[in-house]
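Engineer: Given the coordinates of chain H, assemble chain F onto it according to the supplied hints.
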Amino acid sequence: MAYRWTNTLTRADITPKDAYLNRRQILAGTIGLGAIGLAGTASAQGDLKPNTLEEITSYNNYYEFGTGKGDPAANAHQLVTSPWSIKVDGMVDNPGEYALGDLLAGLSVEDRVYRLRCVEAWSMVVPWNGIELADILNKVGVQSRAKYVAFETVVQPENMIGVQRRVLDFPYVEGLRLDEAMHPLTIMATGIYDDPLYNQNGAPIRLVVPWKYGFKSIKSVSRITLTDREPPISWNVANPREYGFYSNVNPNVDHPRWSQATERRIGGGLFASRQDTLMFNGYEREVASLYDGMDLAEFF
Amino acid sequence: MSVVQPINSAARRVPAWTIYIVGAIYAVRQFWLALNQIGPYLVEPINVLERAYGEAGLIMMVTVLLVTPLRKWTGLNMLKFRRAIGVTAFFFILAHFLVFAILDVQSLERVWTEVVKRPYVTVGMTSFLMLIPLAVTSNNLSMRKMGAAAWRKMHKLTYPAAILGGLHYLWLVKGFQLEPIIYLLAILGLVAVRYVTLERKRQMA
Numbered sequence: 023m024a025y026r027w028t029n030t031l032t033r034a035d036i037t038p039k040d041a042y043l044n045r046r047q048i049l050a051g052t053i054g055l056g057a058i059g060l061a062g063t064a065s066a067q068g069d070l071k072p073n074t075l076e077e078i079t080s081y082n083n084y085y086e087f088g089t090g091k092g093d094p095a096a097n098a099h100q101l102v103t104s105p106w107s108i109k110v111d112g113m114v115d116n117p118g119e120y121a122l123g124d125l126l127a128g129l130s131v132e133d134r135v136y137r138l139r140c141v142e143a144w145s146m147v148v149p150w151n152g153i154e155l156a157d158i159l160n161k162v163g164v165q166s167r168a169k170y171v172a173f174e175t176v177v178q179p180e181n182m183i184g185v186q187r188r189v190l191d192f193p194y195v196e197g198l199r200l201d202e203a204m205h206p207l208t209i210m211a212t213g214i215y216d217d218p219l220y221n222q223n224g225a226p227i228r229l230v231v232p233w234k235y236g237f238k239s240i241k242s243v244s245r246i247t248l249t250d251r252e253p254p255i256s257w258n259v260a261n262p263r264e265y266g267f268y269s270n271v272n273p274n275v276d277h278p279r280w281s282q283a284t285e286r287r288i289g290g291g292l293f294a295s296r297q298d299t300l301m302f303n304g305y306e307r308e309v310a311s312l313y314d315g316m317d318l319a320e321f322f
Numbered sequence: 083m084s085v086v087q088p089i090n091s092a093a094r095r096v097p098a099w100t101i102y103i104v105g106a107i108y109a110v111r112q113f114w115l116a117l118n119q120i121g122p123y124l125v126e127p128i129n130v131l132e133r134a135y136g137e138a139g140l141i142m143m144v145t146v147l148l149v150t151p152l153r154k155w156t157g158l159n160m161l162k163f164r165r166a167i168g169v170t171a172f173f174f175i176l177a178h179f180l181v182f183a184i185l186d187v188q189s190l191e192r193v194w195t196e197v198v199k200r201p202y203v204t205v206g207m208t209s210f211l212m213l214i215p216l217a218v219t220s221n222n223l224s225m226r227k228m229g230a231a232a233w234r235k236m237h238k239l240t241y242p243a244a245i246l247g248g249l250h251y252l253w254l255v256k257g258f259q260l261e262p263i264i265y266l267l268a269i270l271g272l273v274a275v276r277y278v279t280l281e282r283k284r285q286m287a
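Line by line, the protein sequences are chains H and F.
According to the numbering used here, the stretch in the first sequence is residues 23 to 322, in order.
According to the numbering used here, the stretch in the second sequence is residues 83 to 287, in order.
Just chain H, with the same shape it has in the complex:
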């Protein structure tokens, strides 16, 4: 590990595999009153216990595989993830079509336990394994003119039911400002709980930007482009009034159709209580300086 950034959580905080595999059986015995008691004490700052693998892999938004939360788990097995290559182009010194293994060769895989806050006001804690995006960008050589990084999700129409239904204008595209992309918190995840990524979580490689709403963390990346102008992002194209380029987690700026002040942590059961959403999803200390002087209500 490179240890450029560490959170306060360590490997010791990660629920052991046998424990999380058994957790549902234990929970099954303590439903009802037990769930109410636990939910009452949950707070945003504490209780950063990672969600179970079962939760992380069965409640997903991946519209290429359908709009229901269970659809990706049901349909994503059709995604072909091997062989996988990523096209790197634009303002880079070494553009090209990289085989995934070649692109990541020699780079260190880090363990990162991050909060994931969906724009729909639910959240999880995910123990990712991944490579800092900065390492990848430095490897391909970012030219000084570049100011933004654009990402694209693979399109396999015959394997993706949601692409056939045109829920969004596919391919799904996302983008970051270069300084956001180079921030040590920003990773390209390749695993969860030391397992390779499941398809529904964006196998074989996906972006994770923990201080932004989940839809910014684009899945199954097949292209990375360095550019000097702000790239289009799918949800902004679909609905510019509701989804901005930055989409930083911000409890003070509501989504037009729902409040962003609170969230519900997945895994609390039928009586889970809401908790306050944290500014920049709890990463304010690390990333607030990126937005110094910006009106976050205007650049939402």
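Keep in mind that the hints are not guaranteed to be accurate.
Covered stretches of chain H, as calculated for chain F (at least 3 residues, CB under 8 Å) [said to hold, decoys possible]: (1) 84 to 96; (2) 183 to 191; (3) 289 to 295.
Keep in mind the hints are simulated off the structure, nothing from the lab.
Think of the CB as a built atom: it goes at the ideal place given N, C-alpha and C, for glycine as much as any other residue.
Structural biologist: Chain F in isolation, oriented as in the chain H frame:
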């Protein structure tokens, strides 16, 4: 007619309260599944339950609108079930509201904020409020007391309530999704059919 007649005569032997029993069994079963986080309720039971009740309510609203056109076009006579279907729709929508208020939003203050600030909630709540007087007067005593004409006039609220319910669903989803569009089109189509029939009746009178 030959297909419809045996169905009609079988339906005559089924009491209308069967609808309430089936509705209640469905509602309780969904709650039980959510409580124990089984099947689709595995990870996030609150939203899934909220949606299950809302969708059941919408389906019952569509069904209630289907009764008259079905009778006219196919001879299928489900009139005796219409009240039970309508009242069951109301109970599902009430359950949908309770899950939203108690389990999802979790405070009266936030419920009010949502109703005032979010148009799709405003629309859904308006639909729900319209259904309350309809549910309360869905009995023979109310019909007698109000008189047939006034009762029938008030129960035309079913149409705007159904349309607002369909709009509420369309408004709350993200991206281009087919299901809410289908519901809303079905409701609009059925209301349009009723409107045309009623206009024609009025012109003939």
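Engineer: Each hint: holds or not?
Structural biologist: Against the structure, the hints come out as follows:
Proximity of the segment 84 to 96 of chain H to chain F, defined as three or more residues with a beta carbon under 8 Å from a beta carbon of that chain, is established by the 4 residues found. Closer than 8 Å: that is the beta-carbon criterion, and the segment 183 to 191 of chain H has 4 residues meeting it against chain F, so the requirement of 3 holds. Coverage of the segment 289 to 295 of chain H by chain F holds in this model, with 6 residues showing a Cβ closer than 8 Å to a Cβ of that chain against a need of three.
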